[in-house]
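Engineer: Each chain, letter by letter, is given below.
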Amino acid sequence: MVDKHFYNAKENVTLAQIAEVTSAVLTDMAKAGETIRDIATMTSAGAEDICFFYDRKSREKAAALKAKACVTTEDLKQFVPEGVAVLVCEDPKIAFIKLNEFMYAEKKAAAGIDGSAKIAASAKIGTGCSIGANVVIGENVEIGNNCVIEPNVVIAQGCKIGNNCRIGNNASIAYSIIGNNCYIYTGARIGQDGFGFQLINGQHHRIPQLGRVIIGNDVEVGANTCIDRGALDDTVIGDGTRIDNLVQIAHNDKLGRGCIIVSQVGIAGSCTLGDYVVLGGQVGLADHLNIGSGAQVAAQSGAMRDIEAGAVVMGTPCVPFKDYMRQVSFLQKNSKK
Amino acid sequence: MVDKHFYNAKENVTLAQIAEVTSAVLTDMAKAGETIRDIATMTSAGAEDICFFYDRKSREKAAALKAKACVTTEDLKQFVPEGVAVLVCEDPKIAFIKLNEFMYAEKKAAAGIDGSAKIAASAKIGTGCSIGANVVIGENVEIGNNCVIEPNVVIAQGCKIGNNCRIGNNASIAYSIIGNNCYIYTGARIGQDGFGFQLINGQHHRIPQLGRVIIGNDVEVGANTCIDRGALDDTVIGDGTRIDNLVQIAHNDKLGRGCIIVSQVGIAGSCTLGDYVVLGGQVGLADHLNIGSGAQVAAQSGAMRDIEAGAVVMGTPCVPFKDYMRQVSFLQKNSKK
Amino acid sequence: MVDKHFYNAKENVTLAQIAEVTSAVLTDMAKAGETIRDIATMTSAGAEDICFFYDRKSREKAAALKAKACVTTEDLKQFVPEGVAVLVCEDPKIAFIKLNEFMYAEKKAAAGIDGSAKIAASAKIGTGCSIGANVVIGENVEIGNNCVIEPNVVIAQGCKIGNNCRIGNNASIAYSIIGNNCYIYTGARIGQDGFGFQLINGQHHRIPQLGRVIIGNDVEVGANTCIDRGALDDTVIGDGTRIDNLVQIAHNDKLGRGCIIVSQVGIAGSCTLGDYVVLGGQVGLADHLNIGSGAQVAAQSGAMRDIEAGAVVMGTPCVPFKDYMRQVSFLQKNSKK
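Protein chains in written order, with the numbering used here: chain V, -7 to 329; chain Z, -7 to 329; chain D, -7 to 329.
To be clear, the hints were calculated from the coordinates, so they are not data collected in a lab.
One thing to keep in mind: the hints can contain errors.
[Stated by the list, open to error] Below, computed lysine-lysine pairings styled on BS3-like, alpha-carbon distance capped at 27 Å:
id : chain 1 : residue 1 : chain 2 : residue 2
1  : Z       : K2        : Z       : K100
2  : Z       : K2        : V       : K314
3  : V       : K246      : D       : K58
4  : Z       : K85       : Z       : K100
5  : V       : K(-4)     : Z       : K152
Using the sequences plus the hints, can you model the full thing?
Structural biologist: Laid out in C-alpha cells, this is it:
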C-alpha cells in the first residue's frame, strides 16, 4: 500500500472515475460508484484495492486475486475470478501509469528561493522555480521556468537549463546545456573534465578538455552517474534518453534519442549510439565505437567493435545472442568430459 | 602505526589490561605490567608494539617478529619466537577488534545542532544528536537518539531514522525508514525513483515509483551506493546486512539478514536475497531472481537464473564454481592446440 | 568550436605565435602573420581554424581538410592539401596541449573565503586559496597555498592537503594526507572506513579501520570515485597516478607512480600495483594481489592471481592477451559445429 506519509493521495476514487482516467471499460456498470482505497500489486491487493494484470504468465496470481478491482485486457479478463470488478483496456501498463498519476502526486517543493542559496548576480532564474538551501549558482547561468533545484546543488558558470527540470540534491553541473523536462538525480556529476592524458617524459599531462555536455529534452540522468564534457567536440545526450544510476559516460560520447542505459554501464570516449539503443547493466563499450539504432547489448557484455543497428549481442567481446548461448552450452557439455 | 593526528589513543596500556580486554591468557605473567605503544601488523610491529597472528600461512612472518607481544592461538603459539610475549585466545580476530575498540576511539562529532542546518518545524530530533552544517531535514522527518548527521546531508520529508545512526556527509535520503545502529556512508543515495519506463508511441514514460526503502538494524550502506525505492512494494534491506561502496540496488529488491554485498555489485529490480548471501565485487543479478540463503556468487559473475541456497557459483551466466574452473582449464588446454 | 561562454580565449593569435608556443616550424613563413580563430578537430575545422594531425590513419581526413592551418609531423605533412598552412613538430599531441593551454584558460574561482564556509579555528589555510560556499573544514586541517576548495566540500579533522590542489564540489575527504598539484573531482569519497567484518555468533562485527589515505603529488581522483582508508596500514596512491570516475579502491591498496585506472575499476583490499600499471574500464582485482610495473589489464578483465611486470592480460580469470584471443576464436569456431 502506498504510504500516505510520503505521498499525497486522492481518496474515494470511484471505478467510474478510474475507467475514465484509464480509458478502460468497466464490465459491470453496477459497480461504477464503488470506491477503491489504493493501487497494489496482484499479490498484495486487498478487498479495497485495485490492481493491474497485463501478463499471461500471471494467470495463477489472477486466479487468487483478492482485489476489489482489476484492470486487464480483453484477452486476459477470463482469468479474473468472479466478484472482482474488471476494467478492460488496450494496455494496462499505460492505464497503470495514468491511474498513478491521477491518484498520487509527489509532494513537490514550493516555489521560492531559499535564503541560503548563493546565486550570482548575472544568473537568470525563470518563474516558478524552487531553489533549495545551500544551492550555488555561478555567473551567467540561465535556468528556465518551473524548475526545482534541490539543496546543495552546484551549477557552475555559464550553464543553461530549460523549463520544468529537476536537479536532485548534491548534484554537480558544469559546462552544460540542458533541455526541458529533464530530471538529473541526486549526486550526478555532469560536465567535469574527460579522462585524457598524454605521456611526456614519463609524466601524464592532462589534455585540455574544452567541450561541453549537451543534453536534450526529456532526459533522465541517474543518481551518482557521471557524464564528462567533451575534449573539443561536445558530449551529447539525445531527447528522451534514460540513464540509470552509477553510469559512466566519457568525453565526446554521442547518444541518440530514446536510449536506455542501465545501471553501471561504462561508455568509453567518442562512442556514437543511434536511437533506442539499450545497454544492459554493467555493459562496457570500448572507445570510438558506433552502435546502430535499436541495438541491444545484454548485461555485463563488452563491445570492442561496432554493433549493427538492431543487433542483439552478448559476451566479452560480444557476439550475437544466439552464438553466445551456443558457446555457453558447448563449454558446459565439453568441459565435463 | 596508528596516526594520533587522526585517532584518540589510550597510552600505557599493559599486557594485563590487554589480556582482560581480549579474554586472552598471558603465558608469562612476569610481563603483565609491561606496556605497549601501538597495534601493528606482523610485519610492521616494532619493539613497543603488539600484533595479531591468526593464520597458519603467516608462520614465516611469525618467525621474524620484532613485536613486544603477539596475540595468537594455542595451536600457533609455537611459531612465535622467544622473547615475544604471547597472549593465547580462541579467536585472535575477535581479540583484534576488541583491543582496537579499547585502545582507539574515533573522534566523534559533539552533540548539538549547527546553526546553518535547516530543520523543518514538524521534524522531530532525538536527544544527543549531532546535526552538522548545511544539513537539510524535511517536514515530518523523525530522527532517533544519539545520531550523527554529518554536514550537507539532505533528508527529505517523511523519513524515519532510528537510534545511534550515522549519516555520512553529502548523502541523500528520501522515502526511507531506517532502523537503529545503521551507518550510511558519504554520498550514498537512498530512496530515489526506480528505473521504470513504459514505451508509448516512441516515448519512454516513467512508471510512477510509489514505494519506500526499508532498512533494518545494524546495516551499513557504502559510499556513493544507490538504493532505489520500490515501485509499489518496498525495497528492503535486512538486519545486519553490509553493503560496500558504489553498489546499485534497484526498486523492489529484498535483501535478507547478514548479507555481504561487495563494491560495484548491481542488483536489478525485484530480486529476493535470503540471509547471509555473499555477492563478490562487480557481480550482476538480472531482475526478479531468487538467491537462496548462504549462496555465494564470485566476483564479476552474472546471474540470469535463481540460485539455490548454499550454492557457490561463478561466471556469466554463472555455474557451480567447480564447473567454472573446469571450463576455464578446458578452454586453456584446447585453444592452444 | 570552443564555447566562449564557458572558456576564456585569446583572440588574434598568429601562426608565428603558435609556432613559438608549440616548438613547431611554420613551413611557409609568408603566413606568419595570419591569425586563427579556434582549435578544432580535423573534421570540424573551418577556414579560420587550426587542427592537429598526428595519426597516419587520419590520412583521408587530412586530404579533405578545410582548416587554415594544421600542426603535424615531418612524415605526415605530405598528406596535407596545398593551401593549408603547415606547422611541423616532433609530437603534435604535445603541441596540441601547449596550444590549448596558451589559447584557452579555465575561468578560475577567485581567491578568498566564502562567508558561509565553516572553518575550524585550529585549521590552517595557505595563501591564495579559494574556499567556496558551504565548505566545512574540521579541526587541525592544513591546506597549502593556491588551492581551490569548491562549494559543499567536507574535509574532516586532521587532513593535510598540499599546494595547488583543487577539490571538486560536494567531495568528502577524511583521514587523508594529499600532496601537491592534485585534482580531486566532484563527489569523490576519500578516507572512509574500509569494508572489513568479522562474523561472530551470526553477526558481522566491523573491524576497526585505523589507517589513512596517503596521496602523492600530481594525482587525479575522478568524480564519485571512492578510496577507503587503510585498516592498520595506509592506502597509498603514488605520484602522477590518474584515477577515472566511479572507481573503487579498497583499504590498504598501494598504487605506484603514473598508473592509469580507468572508470569503474574495482580493486579489492591490500593489492599492490607497481608503476605505470594500466587497468582498463571495469577491471576487477581480487584482494592481496601484486601487479607488476607496466602491466596492462584489458577492460572488464578480472584478476585472481598476481600479474607480472609488463604483462598484457585479458579475461576472467585473466590470461595473456594472445591466449584470450585464441580462446575466443576457438570457442567461436567450435561452438558452431
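Engineer: A separate judgement is required for each hint: does it hold in the structure or not?
Structural biologist: So, going through the hints one by one against the coordinates:
no., hint, in the structure
1, K2(Z) <-> K100(Z), "holds (16 Å)"
2, K2(Z) <-> K314(V), "violated (64 Å)"
3, K246(V) <-> K58(D), "holds (23 Å)"
4, K85(Z) <-> K100(Z), "holds (25 Å)"
5, K(-4)(V) <-> K152(Z), "holds (14 Å)"
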